[in-house]
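Engineer: One letter stands for each residue in the lines below.
Protein chains: 4
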Amino acid sequence: MSGKVFTGQEVAQHNTRESCWIIVHGKVYDVTEFLPEHPGGSKIILKYAGKDATAEYDPIHPPDAITKNLPPEKQLGSVDLNTVEKVEIVVREEDKLRQERFALRPSMSEILTLHDFEAIARQIMNEKAWAYYSSAADDEITIRENHAAYHRIWFRPRILKNVTHVDWSTKILGLPSSMPIYITATALGKLGHPDGELNLTRAAAKHGIIQMIPTLASCSFDEIVDAAAPGQNQFLQLYVNKEREITKKFVQHAEKRGIKGLFITVDAPQLGRREKDMRQKFEAEEPDEMERNNEKVDRSQGAARAISSFIDPGLCWEDMAWFKSITKMPLILKGVQCWEDALQAYDEGLAGVVLSNHGGRQLDFARSGIEVLVEVVAKLEEKRGLRFPNDKFALFVDGGVRRATDVIKAVALGATAVGIGRPFLYAFSTYGQEGVEKALQILHDEFEMNMRLLGAPTLKDVVRDMVDASSVHQHIVAVPDDRLFHQNYEGIAGAQLRAAAKEQKARM
Amino acid sequence: MSGKVFTGQEVAQHNTRESCWIIVHGKVYDVTEFLPEHPGGSKIILKYAGKDATAEYDPIHPPDAITKNLPPEKQLGSVDLNTVEKVEIVVREEDKLRQERFALRPSMSEILTLHDFEAIARQIMNEKAWAYYSSAADDEITIRENHAAYHRIWFRPRILKNVTHVDWSTKILGLPSSMPIYITATALGKLGHPDGELNLTRAAAKHGIIQMIPTLASCSFDEIVDAAAPGQNQFLQLYVNKEREITKKFVQHAEKRGIKGLFITVDAPQLGRREKDMRQKFEAEEPDEMERNNEKVDRSQGAARAISSFIDPGLCWEDMAWFKSITKMPLILKGVQCWEDALQAYDEGLAGVVLSNHGGRQLDFARSGIEVLVEVVAKLEEKRGLRFPNDKFALFVDGGVRRATDVIKAVALGATAVGIGRPFLYAFSTYGQEGVEKALQILHDEFEMNMRLLGAPTLKDVVRDMVDASSVHQHIVAVPDDRLFHQNYEGIAGAQLRAAAKEQKARM
Amino acid sequence: MSGKVFTGQEVAQHNTRESCWIIVHGKVYDVTEFLPEHPGGSKIILKYAGKDATAEYDPIHPPDAITKNLPPEKQLGSVDLNTVEKVEIVVREEDKLRQERFALRPSMSEILTLHDFEAIARQIMNEKAWAYYSSAADDEITIRENHAAYHRIWFRPRILKNVTHVDWSTKILGLPSSMPIYITATALGKLGHPDGELNLTRAAAKHGIIQMIPTLASCSFDEIVDAAAPGQNQFLQLYVNKEREITKKFVQHAEKRGIKGLFITVDAPQLGRREKDMRQKFEAEEPDEMERNNEKVDRSQGAARAISSFIDPGLCWEDMAWFKSITKMPLILKGVQCWEDALQAYDEGLAGVVLSNHGGRQLDFARSGIEVLVEVVAKLEEKRGLRFPNDKFALFVDGGVRRATDVIKAVALGATAVGIGRPFLYAFSTYGQEGVEKALQILHDEFEMNMRLLGAPTLKDVVRDMVDASSVHQHIVAVPDDRLFHQNYEGIAGAQLRAAAKEQKARM
Amino acid sequence: MSGKVFTGQEVAQHNTRESCWIIVHGKVYDVTEFLPEHPGGSKIILKYAGKDATAEYDPIHPPDAITKNLPPEKQLGSVDLNTVEKVEIVVREEDKLRQERFALRPSMSEILTLHDFEAIARQIMNEKAWAYYSSAADDEITIRENHAAYHRIWFRPRILKNVTHVDWSTKILGLPSSMPIYITATALGKLGHPDGELNLTRAAAKHGIIQMIPTLASCSFDEIVDAAAPGQNQFLQLYVNKEREITKKFVQHAEKRGIKGLFITVDAPQLGRREKDMRQKFEAEEPDEMERNNEKVDRSQGAARAISSFIDPGLCWEDMAWFKSITKMPLILKGVQCWEDALQAYDEGLAGVVLSNHGGRQLDFARSGIEVLVEVVAKLEEKRGLRFPNDKFALFVDGGVRRATDVIKAVALGATAVGIGRPFLYAFSTYGQEGVEKALQILHDEFEMNMRLLGAPTLKDVVRDMVDASSVHQHIVAVPDDRLFHQNYEGIAGAQLRAAAKEQKARM
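Protein chains in written order, with UniProt numbering: chain R, 1 to 508; chain F, 1 to 508; chain B, 1 to 508; chain E, 1 to 508.
A few of these clues could be false.
Identical copies carry no separate label here, and so any pair may be met within one copy or between two of them.
To be verified - Simulated pairs of lysine-lysine, DSS-like, Cα-Cα distance not exceeding 25 Å: (1) Lys-438 / Lys-43; (2) Lys-249 / Lys-68; (3) Lys-324 / Lys-242; (4) Lys-438 / Lys-276; (5) Lys-249 / Lys-51.
Bear in mind the hints are in silico, worked out from the structure with no lab data behind them.
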């Protein structure tokens, strides 16, 4: 980066496709040649040609993204921000309403469940952020199935156990955790809250929980590690770069910074089509504009596609040896979806697998992690004599968890711990760090209650026989309804107040 | 209790957290030290500091709760009620509407089913009372499953049996009962009606039904026993106190008063999170007030939590011997949820078990009693050669029953009798004792009809082959719907009146 | 009946409970002593004390009901109708609207399916009639299951069969029938149309279909037989009277009149609680009136209970020998619901059974006839080596049929023919005899189409392998939904017209 | 065709049932004797007696239909179009609105899925066209099941495969195809777009996809073949004519023109009752008119029945030898629905079968092609040792496909390729040829994504183990709901904004 200092006026002259400069955090970049390569399309950059793009840039790029992607000679220097014309951010009407609603958030003491954060977030979050967080692949069948699958598993609680003291703390890859959960990696935290992922780091510290740092965080990796309390354990989620040297550097840096486990994402060789996210793009634009830029608009496929083109679809089993050669961190595959691959991971000597479908954001009709868990446990016992939970080879699941009972079901079926993602995003999007703490407190309260009600003083007492998962593999769709029959059928009505009965007559 | 008589003015001076007196039923109590221990939180008491708290106290405490919980020296004396300023009860707008609707109740002759009481109760009961009675654990899956499970069981009726005379009377623990049901224990009867549990006692007497008296009744135990008719049989439901001496005294007193069976609750080491009940709390308060008292409000977790802190989570199988040592009453475990525990209860020589999940109010995703019954009957036959119904070891179920057909299904599957709770609460909340009598009359009529239609002259003829329960263990959740497809599908419409067809066109 | 002729004024004086005369069809009856015995309660008769009750009497009594039930001395004589004050029939507001809608019936050519008659009937029929026809037992689960069960059975059609000529005629108990269906017995035809059951008789003649005459017809048995065309075959449905001599006379009369089969109803020892029908009663009355007459209203339990007290709940297998001794007609049991009873009927030498639950009007949670058929066919083959359809022992089913495909499924599974009831009631309630003919024509057209599409030139080619009934025994209830999750989930939306998209924004 | 030229006035005189001439494309035809034979009924022709019927004729007849059906002497000559009075086409109000909405179509770049075309088509297509395209048999259960069945099949994706390059091209009957799909035959393309089937031909050329030409195309066979690009492959769907010579001529002509496969429809010996289509007929007419013409209206049973009377219901297995004698094209049966018939087709030496139920338009309760595929693959392996996909005997399926994942499931289960019909109709009805191209592009994008996510570099890697189809044969209908219970149950509500909570109170 040159030491040169520009004025706003100088920068403003480079406002065309032929010469396009932008300002980010007071630095000036020449992105003319980068325009066609920008994963989010050139249009969005051209909107800020010659201007300060910081506000748009921040929530969807890690701070160092621009310096990593531009050659040094395109990093032109600084700008005197006093000379830069303020970019007036046009806030859409809908987003104004959302901001107004922010002030109407209920008192946090009224938040009773993890669902509640989502109910509020849906109304107050910025539309684009909500679309990015809540969207999932195709028809969004799998995202819902992830939650629904837990409903096919029922409890067989035991009675007359002394549950005066109940303890649901555990160890995850040998590290202490106050609950059998961890905060799983989710991208673009600043979309929901200016502090982004740091909200998670700080709340995790308070509650003795492990955070998994995402590759696609809005905060930089080091910011997040720096925010950790002394002794706080963190994992790292890894998207593997086509350029392996970049990945090697990143991994070794992480190990040096004290990361305790490397979760390699294997279910995302390409990021999924998330239509809610894609559609949001169009709705945010003026139709006229779209007409004129059809081609370009076509390339803007939502936030997800904008940030992921570096991911290597060539990653394969052969790469595992290489990973072992560059790090001593335990290696876990994130995104395993059948027993065959779990078995291979075990045979390769990895430390575990996360049974996950990426929160339903990748392949629609992928099965839920909790369903796959049942298959994996059965087959790994049959083929290798393993029993779960297992210290040598950990099974994790994520996706769809909203209650401590969900977690307990997974533990009973053999999981070491469960990853929770979106609920914490919604917690900090609505109440910041305190929201995440409250979410963890709710889980704490639910664990206490439900361990007692199950008759399980410790997690070791949460055993296979405590659940009935015999319906978990059922994928039922009801026969389409017979409309004519149902239209004709007149439902029976119960007793009514007199007024109601009279009024109803009057209306007929 | 000292004989001292205070004036209202004297009491009114002790209206702070530092010195807090309250009046209940004309007696004065110093509850300053008790404030932090109050299971319902200190805030609700402080609202009545220096005042008469009777109206608030009554429906959620048994009359002797205060004297049992306060040391004698804190029971200061009486007050001259003429000198006490009337506490103006502020009735919320919504509750006023509900009271107005009370007058619009339909004639009792229009009540055709047990459902009807609930339909009316929902509209006319005090909001808090409705919330307490109707609420259940977490997502309220189990409370609904309790009813739904009966719908997975279908009849195989027999024909050409002489059913001129049908008789559905039975014996429960050797005691005569006009039907194979009993009134199970439910707390806080005065929330629904000033006479509370006495409505049940009196109606039970008229219909030859056994009432199970709850530990957490609004009326005192002795009031309820005193209200019994000569020869009327009653059971006692027991929450076991951390202080076993209290329990021992209570049990031995009950036996002396003629109680015929002791139902020890084993599914409630801690009372469940009932969010409808908890949320009602907040809605009843002003937001400002909540803000200021965040911490305290946090502790007010609905009526359920307010009344249950004495229950011993340490209760265990080892205690059974002690119970046998202190009473000769038959011992029944209430809240058994798997065959393993039913088997152990049998092996311990107990008189029976109630297969129950506490009306869905404790552990969500606990299975229904009727489903567990199928498993218990099969396993106890396999392991111990037992056949059910069985005089030596009785199986009861409760939860979700609304029709005589539900009861008959349970009997066919091996139950001795079925406990019914909420429907009777709704019956007296809407029509007092007469409501309960009508409810029993409806069941009577339904039994008569359905015994005939089943081809079963007596309960002995209601046998296993009369039901098909092969789907009872199915816990199905449909694959999430395909919204885009369904939005596009245009339902077929049937024939229409001409006017309708024309109007519909006009609207398009 | 005395020859005496009264004046209206004379009759009008007997208008009290102490002396109650009524006029029916110009005859005068003293019903004072009959008041307490009237199955429909005394109140309804007292309403007409001293007056002409014909209009009320007609639709719910066979013409000869009154002369059969009153001793000869209470049949006082005739009345000069000119002297009788006209009873002004008060038509309720709702029923006026329904009569107005009658004129708006669509052209019959617009009626495309059997469902269509019901869609129109629901809007134009007299409320009481609609309630009586459409109501069913308890929660009306079985009435809907009857139709739904057909949806669990799917076709396995064959191709490349020469289906130029398709023929779906058959023989029922040796008698020719143009389709494998018959008109099953349903009560009170005049509620829907002044010609009552005669609509069915005449349409059946035109289409070569057999009508089963109901015991509880609005027309008298002989009227219906007289209306038959030369050579037209009829069956008789029988409710067995507590006084067997009455039944014997009726049966032998029927045989003499040429009835070809006797269908003894065995699923109705007592008529079911049909709450829609019962509730209609109350809605038709003024609340004040109800208050004053609580007891009496309590006894008016809808049309069903009003007409059935003579039925003998003591009817049993032992009676079968007696039936054989009094008639040579083939004997069929109507209302068999499990294989055990079908087997016994076979072993008793009867001619067949109707697998039926009385249109869902008796025992709720009785299984559908089509489901029972699968069980019966399997077991009778296993136990007695029978193959179905079988000439010696016929299996019929009824309940829920709306399409020819339903019938074809039953035939494929072994039924000889299928009974259809309500659809024909709705057909004549909307369009009289022509409606019934149209209904039969629709079935005709559907049979032709579907026999071709199945690849079955004749009914003999409709074989077991043509259907997959493997899901028929499934009685599934989905796990209750997770409201909080579903409230939070934001469905994906498809592409929208621009106007729609803009408008939607505007509304937010 | 005589060379005579008429004036409009001359033709106009023949405007009665006794002498009925019509003009089509400038030619004059005497259709008097043809009136009673017209499959669409005489009424619709009489409406144009003496007039120019071209606008009505075009979309539902292939251009040569009239010359093929009328003897030469009835083809009278030409007309001077300048002398013909313009027939004013009365456009219905509803259809005007639809035309207005056409201008509001969203930009094509907003179309994200195949569902989107249908969402737009439903709003902008001519009502009659929409009814014809979207309608299906009876209660339209099967049309919906076709889609739903795919939802019972879930993926078991593999990880860590190198999916840098993914390739989903394949061969269909030895011919290259860029995807494992083909455009299946659908009738009456001009109802949706003036270019009709040519839209499909041209888009197929661009994308390297095979089009199957329908017998009932709106364009003539030769027009469609002429529109093909050099080297473009096409199949032909065949309805077999009662007059086999016509069929022979047609088939041999097709072979000469280069058609590469003959798909003989075997599931439509008679075209189905499609009530939405039939009902549309009536809605388009004035009620008065209908009354007067009851009989004739009765015969107009929608577009489907109007065009199909020539189809031979006598077609049978014996005809297969004849087909082999008249053509060397590979013969495929379209509409096989059970393994027995697939096996026979194999044994007869045919080239393959399409497992199809005609898009749900023929026999309701026919199973979906994808379900039948599972059965066929299992049985043909068991009986003949075949493995699928198989070059010698190809299995195709069609019906209900909307996503590349649907296609991939079929391929994993053994299909060679999948036919897609309606989605392309909706694509050209909304955006013409470009719409079809966009639809193919969407599928392209989805294939790329999902092949990666499945871990399958080529279609050969899409194997049986990649799907779980264990629920595919389940045909579940839930037990009818318990209305009284559900009406009483008060759903739990999540946290709310303060404003919302207050407003809700206000409303109560």
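Engineer: Please list, smallest to largest, the hint numbers that this structure does not respect.
Structural biologist: 5
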